[in-house]
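Protein sequence lines correspond, in order, to chains A and B.
Numbers given in our numbering equal positions in the first sequence, counted from 1, plus 13.
Numbers given in our numbering equal positions in the second sequence, counted from 1, plus 296.
Simulated from the structure, these hints should not be mistaken for laboratory data.
Every residue, glycine too, gets a C-beta built ideally from N, C-alpha and C.
Do not take every clue at face value.
Stated by the list, open to error - Some chain A residues close to chain B (C-beta under 10 Å, calculated; not the full set):
{"hint": "1", "residue": "Ile25"}
{"hint": "2", "residue": "Gly26"}
{"hint": "3", "residue": "Arg27"}
{"hint": "4", "residue": "Val32"}
{"hint": "5", "residue": "Gly34"}
{"hint": "6", "residue": "Tyr134"}
{"hint": "7", "residue": "Leu135"}
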Amino acid sequence: MATTTSSRAVGIGRVLVAVYGILALAATGRSVFQIIDRFGEAPIAFTLSAISAVVYIFATVALLMPGDTWYRIAWYTIGFELLGVLVVGTISVAAPAVLGLHSINPFGREATVWSAYGLGYLLIPLVLPILGMLWLYRRRPVAVAEAA
Amino acid sequence: MIEWFTWLQVAVAVLAALLCLVLGLVGRTPNDYSLGATLLVEVLLIAQLVVAIVAPLAGNPPTGSLPEFYIYLISALVLPPLAGFWALIERNRWSTVVLGVVCLAIAVMVYRMYQIWALQVA
Numbered sequence: 014m015a016t017t018t019s020s021r022a023v024g025i026g027r028v029l030v031a032v033y034g035i036l037a038l039a040a041t042g043r044s045v046f047q048i049i050d051r052f053g054e055a056p057i058a059f060t061l062s063a064i065s066a067v068v069y070i071f072a073t074v075a076l077l078m079p080g081d082t083w084y085r086i087a088w089y090t091i092g093f094e095l096l097g098v099l100v101v102g103t104i105s106v107a108a109p110a111v112l113g114l115h116s117i118n119p120f121g122r123e124a125t126v127w128s129a130y131g132l133g134y135l136l137i138p139l140v141l142p143i144l145g146m147l148w149l150y151r152r153r154p155v156a157v158a159e160a161a
Numbered sequence: 297m298i299e300w301f302t303w304l305q306v307a308v309a310v311l312a313a314l315l316c317l318v319l320g321l322v323g324r325t326p327n328d329y330s331l332g333a334t335l336l337v338e339v340l341l342i343a344q345l346v347v348a349i350v351a352p353l354a355g356n357p358p359t360g361s362l363p364e365f366y367i368y369l370i371s372a373l374v375l376p377p378l379a380g381f382w383a384l385i386e387r388n389r390w391s392t393v394v395l396g397v398v399c400l401a402i403a404v405m406v407y408r409m410y411q412i413w414a415l416q417v418a
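Excised from the complex, chain A in its bound form (with noise of 0.2 Å):
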């Protein structure tokens, strides 16, 4: 039975697909509020937004799923998570009128789940796609053929 489903969301793996799972509902929450209500404030930042909501939503799919096609596919999720903390976490704080933002508050109106490298959520976006590629590592299909 364990070993016929994933070999992903097993042991602590089961709590990083959760946390996935938690913050993939937090930023299409948050986004789609945003989209509905105030699109027109900052809509760069907003169409991030709900980019980034997209990606955790495959990225916990990934992570659940079996095979190596979802492996790759959690990779990539997960690296594009990586990347977009970084790059738009920077942004928003040295320069946050390129995104049409007009505060760096992480916990403002115009706050994303990136702003600030995820500050408003306790930095969890940040943390987060390091852990989930140091689980992925470990749970290589390579690993887990000899290990068995």
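We have chain A already, so just place chain B on it with the hints.
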């Protein structure tokens, strides 16, 4: 929102989170204590939903955005059942840890709901 009830709810969620995290990390599978604590968190969220519906009619309207408030509240309401079903299907220590993570997330979400209701200026 009723302020004292909100703080009680945050406190219960944090305590439930600590209980589940400790039980999970010492290796307990989901049991009556961890699932019961998560259930209590869910019951308080349902009570909060009732309060949120009644309060504006009773002269206690939110200062911030009501739709944003409800996105948090509905998201929070969904989490304990999901984690609970997971805990019933996958009976191992990490499911108990997941219950704790969810309770902690709910504590943060309820605090955000309070900010939107009482502090945020629309």
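Comparing the hints with the structure gives:
1. Of the supplied interface hints, the one on Ile25 of chain A holds, with its beta-carbon coming within about 6 Å of a beta-carbon of chain B, less than 10 Å.
2. At a threshold of 10 Å, the smallest CB-CB gap from Gly26 of chain A to chain B is about 8 Å, leaving the interface hint in force.
3. Annotation: interface hint on Arg27 of chain A holds; nearest CB of chain B at approximately 4 Å, less than 10 Å.
4. With its C-beta approaching chain B no nearer than about 6 Å, Val32 of chain A sits inside the 10 Å limit, and its interface hint holds.
5. This hint holds: Gly34 of chain A has a C-beta 8 Å from the nearest C-beta of chain B, less than the 10 Å allowed.
6. Against a cut-off of 10 Å between C-beta atoms, the interface hint on Tyr134 of chain A holds, since the closest Cβ of chain B lies about 9 Å away.
7. The beta carbon of Leu135 of chain A is positioned within 10 Å of a beta carbon in chain B (closest approach about 8 Å), and the interface hint is therefore held.
Comparing the model with each numbered hint stated earlier shows that all of them hold.
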